[in-house]
Amino acid sequence: MNGWLLGVTVLLIGGLAPALWLACTGGIARRLVGLELAGAITVLAMVLVAQGFSQPVYLIVPAVLVLLSFAGTLVYTRLLGVREEEP
Amino acid sequence: MIVALAGVLVVVAAAIAALRPRKPLARLHFLTVVTSLGAPLVGLGVIIANGWSLTTAGVALITVLLVATGPVLSAASGRLIERLDE
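Chains as they are written, first to last, in this note's numbering: chain A, 1 to 87; chain B, 101 to 186.
Worth flagging that the hints you see were computed from the coordinates, not collected in a lab. Please note: incorrect hints may appear among the correct ones.
Said to hold, decoys possible - Computed, partial: chain A to chain B, Cβ under 7 Å: (1) ALA29; (2) ALA63; (3) ALA71; (4) LEU79; (5) VAL82.
Please read all numbers here as calculations on a predicted model, not as lab measurements. Glycine residues also receive a C-beta, built at the ideal position from the N, C-alpha and C atoms.
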């Protein structure tokens, strides 16, 4: 295991685990923040995975994920806002 | 690699600290730390390790996208959370 993969391990255990905990428990706002946090941390972990295995091709995964995470979270904020406005 | 590991530590510290606040708006501050400080540090560390190459361009693109979209998501989430609190 090289230093990059050690960084991935630390990121997944120390960063993604709290983010998933936020995303899976509590109210709507708490879960939304957890989802955003998990998306950002996963993108960074994937970048480090590509570097750790010396496979630049793997970078397509975080490149797509960062765009999907952005669009997906905006959809969530939109739909949750609409749901809240309903009588 | 030191720069990237510093970014990893920043991200981990922010994620753990995000568990503490009771108000969701306060949690958003820690998300901003991840996208504005942690992500550039990790990206910079990988870029320094690779030198000038196509990989560097890819990592730079991902980092710029993450840094650029972070504040937009935080603003959208903040507006929603404020509306939910009313």
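Verification of the hints:
At a threshold of 7 Å, the smallest CB-CB gap from ALA29 of chain A to chain B is about 3 Å, leaving the interface hint in force. Checking ALA63 of chain A against chain B: minimum C-beta separation of about 5 Å stays under 7 Å; hint holds. Nearest Cβ of chain B to the Cβ of ALA71 of chain A: about 9 Å, over the 7 Å cut. The hint is violated. Taking 7 Å as the C-beta contact cut-off toward chain B, the hint placing LEU79 of chain A at the interface is violated, the least distance being around 10 Å.
Because the smallest distance between the Cβ of VAL82 of chain A and any Cβ of chain B comes to about 10 Å, over 7 Å, the interface hint for this residue is violated.
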